[in-house]
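Q: So the sequences go chain by chain: D and W.
Per the working numbering, the first sequence starts with residue 1, numbered consecutively.
Per the working numbering, the second sequence starts with residue 1, numbered consecutively.
Because the hints were derived from the structure by calculation, they are not lab data.
Do not rely on the hints blindly, as some may be mistaken.
[Unchecked claim] List time: in silico EDC-like cross-link candidates among lysine to aspartate or glutamate, alpha-carbon distance up to 20 Å:
#1 W:K40 to W:E13
#2 W:K30 to W:D20
#3 W:K40 to D:E34
#4 D:K82 to D:E41
#5 W:K40 to D:E52
#6 W:K84 to W:E17
#7 W:K50 to W:D61
#8 W:K30 to W:E17
#9 W:K84 to W:E54
#10 W:K84 to D:D23
#11 W:K50 to W:E13
#12 W:K65 to D:E34
#13 D:K204 to D:D23
#14 W:K84 to W:E31
#15 W:K50 to D:D23
#16 W:K65 to D:E41
#17 W:K40 to D:E37
#18 W:K65 to D:D10
#19 W:K30 to D:D23
#20 W:K65 to W:E13
#21 W:K84 to W:E52
#22 D:K204 to W:E17
#23 D:K204 to W:E52
#24 W:K30 to D:E34
#25 W:K50 to W:E85
#26 W:K40 to W:D20
#27 W:K40 to D:D63
#28 W:K40 to D:D23
#29 W:K50 to W:E31
#30 W:K30 to D:E37
Fair warning: this is a prediction, and the values are worked out from it, not measured in the lab.
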Amino acid sequence: MATLATNSLDSWLSRATRHLSRDAAAQVRREIGEHYESARETAALTAATAEEADRIALVALGDAKVANCQYCRVMLTSAEAKLLRQGNWEARAVCSYGWGRWLVLGVAAAGLLGSAGLLIKGDGYLGSAMLAGVMSIGLFFAAKALPIYTPVRGRIFRGVRLALLLAIWVLAFAPHTLQWSWLMFACLWPLVLIEQRRGAIRRKLPIAQWPRHLYL
Amino acid sequence: MNLKGTLPILILEALVEEPDHGYRIAQRIKERSEGVLNFKEGTLYPALHKLENEGLVTSIDGVEKGRPRRYYSITEAGHAALAKERAEWRQLSRAVTMILGEA
Chain D
1 MATLATNSLD SWLSRATRHL SRDAAAQVRR EIGEHYESAR ETAALTAATA EEADRIALVA
61 LGDAKVANCQ YCRVMLTSAE AKLLRQGNWE ARAVCSYGWG RWLVLGVAAA GLLGSAGLLI
121 KGDGYLGSAM LAGVMSIGLF FAAKALPIYT PVRGRIFRGV RLALLLAIWV LAFAPHTLQW
181 SWLMFACLWP LVLIEQRRGA IRRKLPIAQW PRHLYL
Chain W
1 MNLKGTLPIL ILEALVEEPD HGYRIAQRIK ERSEGVLNFK EGTLYPALHK LENEGLVTSI
61 DGVEKGRPRR YYSITEAGHA ALAKERAEWR QLSRAVTMIL GEA
């Protein structure tokens, strides 16, 4: 009988914890397990059999699918937990090596000088494309060096980054920007997906628990 | 009775007297409403986590009768949010009563 009740609860918990991260699922299992035990004890006082008490306790929990939807809105899913673990990989990949940082800075400085020279000479097309490249490098790798450690600064930074991204696109494809806009949408959707996940993590985690890369 | 959207304020109200664990919070809401507000208990914890994320409640681990428990308590911000929600609810209730009339 106890096995039957455990199976029913396990089945409910499996459905309620779908897509949740390992830590979140463990927490749900613990808190619902405690709750179920208390509900079963109370139900046992009035129920005719232990099976009936198990059934009452399980019914009181409600639909596992509804609970799962609500849990996914407030707790980290496995995809979000993975993103949180990975962090700002693009910046870390370069900045964790001293030579990588200097290489990027060197390339950016050379690109900036090169684009300025080309623009002065009158080669607007190549100059603006090179400037777009330099801005791209700055956009992805300079964030770690900036003093962004409050939600407001983070929001400003993300707004500026979006504006810069659009400016890079315009610079790179001018004067045929609109014609190539399909390529921009095709390239940007993974970034949009990641940003959407980061937004969900920001909503779910208290600010005190935000790692540095979540501000960016 | 459907209490969609009102569960957070009911949880905060249930925690005003003393910190408590999820099961007793659920029972307290049901008892105080004399069984009228009967919600599915599986939805209580997502609401508690949301309140915790918003800083309106805090939680600590404890033990009751040898069983591990998570105790929730209302914060200062929670008290302020509850006072605001209570005032809004009274205003809404008065307005609906004015339209529907006293029973």
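Q: Decide, hint by hint, whether the structure agrees.
A: Hint by hint, here is what the structure shows:
Proximity of K40 (chain W) to E13 (chain W) is assessed by CA-CA distance (about 18 Å); at most 20 Å being required, the pair is judged to hold. For the suggested pair K30 (chain W) and D20 (chain W), the alpha carbons sit about 15 Å apart, so the restraint of at most 20 Å is met. Distance hint between K40 (chain W) and E34 (chain D) is fulfilled; the C-alpha atoms sit about 16 Å from each other, no more than 20 Å. Taking the CA atoms of K82 (chain D) and E41 (chain D), the gap is about 38 Å. The hint is violated against a cut of 20 Å.
At roughly 18 Å between alpha-carbon atoms, K40 (chain W) and E52 (chain D) fall within 20 Å of each other, so this suggested pair holds. At most 20 Å may separate the alpha-carbon atoms for a hinted pair to count; K84 (chain W) and E17 (chain W) meet this at roughly 18 Å. A hinted pair counts as satisfied when its Cα atoms are at most 20 Å apart, and K50 (chain W) with D61 (chain W) qualifies at roughly 18 Å. Taking the CA atoms of K30 (chain W) and E17 (chain W), the gap is about 16 Å. The hint holds against a cut of 20 Å.
Restraint check for K84 (chain W) and E54 (chain W): satisfied, since their Cα atoms lie roughly 15 Å apart, inside the 20 Å limit. Our distance criterion of 20 Å between C-alpha atoms is broken by K84 (chain W) and D23 (chain D), whose separation comes to about 34 Å. Note on K50 (chain W) and E13 (chain W): the hinted pairing holds, with a Cα-Cα distance of about 16 Å set against a maximum of 20 Å. Between the alpha carbons of K65 (chain W) and E34 (chain D) the distance comes to roughly 12 Å, so the proposed pair stays at or under 20 Å and holds.
For the suggested pair K204 (chain D) and D23 (chain D), the alpha carbons sit about 14 Å apart, so the restraint of at most 20 Å is met. Under the criterion of a C-alpha separation no larger than 20 Å, the hint pairing K84 (chain W) with E31 (chain W) is inconsistent with the structure, at around 24 Å. Under the criterion of a C-alpha separation no larger than 20 Å, the hint pairing K50 (chain W) with D23 (chain D) is consistent with the structure, at around 16 Å. Using a Cα cut-off of 20 Å, the hinted pair K65 (chain W) and E41 (chain D) holds, with the two alpha carbons roughly 13 Å apart.
A C-alpha spacing of about 16 Å is found between K40 (chain W) and E37 (chain D), which places the hinted pair at or below 20 Å, so the restraint holds. Note on K65 (chain W) and D10 (chain D): the hinted pairing is violated, with a Cα-Cα distance of about 24 Å set against a maximum of 20 Å. Distance restraint check for K30 (chain W) and D23 (chain D): the Cα-Cα separation of roughly 30 Å exceeds the 20 Å cut-off, and the hinted pair is therefore not satisfied. Between K65 (chain W) and E13 (chain W), the direct Cα distance comes to roughly 25 Å. Violation of the 20 Å bound is thereby established for this hinted pair.
Restraint check: the Cα-Cα separation between K84 (chain W) and E52 (chain W) comes to about 18 Å, which is no more than 20 Å; the hinted pair holds. With a C-alpha separation of about 27 Å, the suggested pairing of K204 (chain D) with E17 (chain W) is violated against the 20 Å cut-off. Between the alpha carbons of K204 (chain D) and E52 (chain W) the distance comes to roughly 10 Å, so the proposed pair stays at or under 20 Å and holds. For the proposed pair K30 (chain W) and E34 (chain D), the alpha carbon gap of about 19 Å is at most 20 Å, so the pair holds.
Simply put, K50 (chain W) and E85 (chain W) have alpha-carbon atoms about 16 Å apart, close enough for the 20 Å limit, and the pair holds. Distance hint between K40 (chain W) and D20 (chain W) is fulfilled; the C-alpha atoms sit about 18 Å from each other, no more than 20 Å. Using a Cα cut-off of 20 Å, the hinted pair K40 (chain W) and D63 (chain D) holds, with the two alpha carbons roughly 8 Å apart. At roughly 24 Å between alpha-carbon atoms, K40 (chain W) and D23 (chain D) are farther apart than 20 Å, so this suggested pair is violated.
At roughly 23 Å between alpha-carbon atoms, K50 (chain W) and E31 (chain W) are farther apart than 20 Å, so this suggested pair is violated. Distance check on the hinted pair: K30 (chain W) and E37 (chain D) sit about 18 Å apart at the alpha-carbon level, within 20 Å; holds.
Going through the hint list in order, the structure does not satisfy hints 4, 10, 14, 18, 19, 20, 22, 28 and 29.
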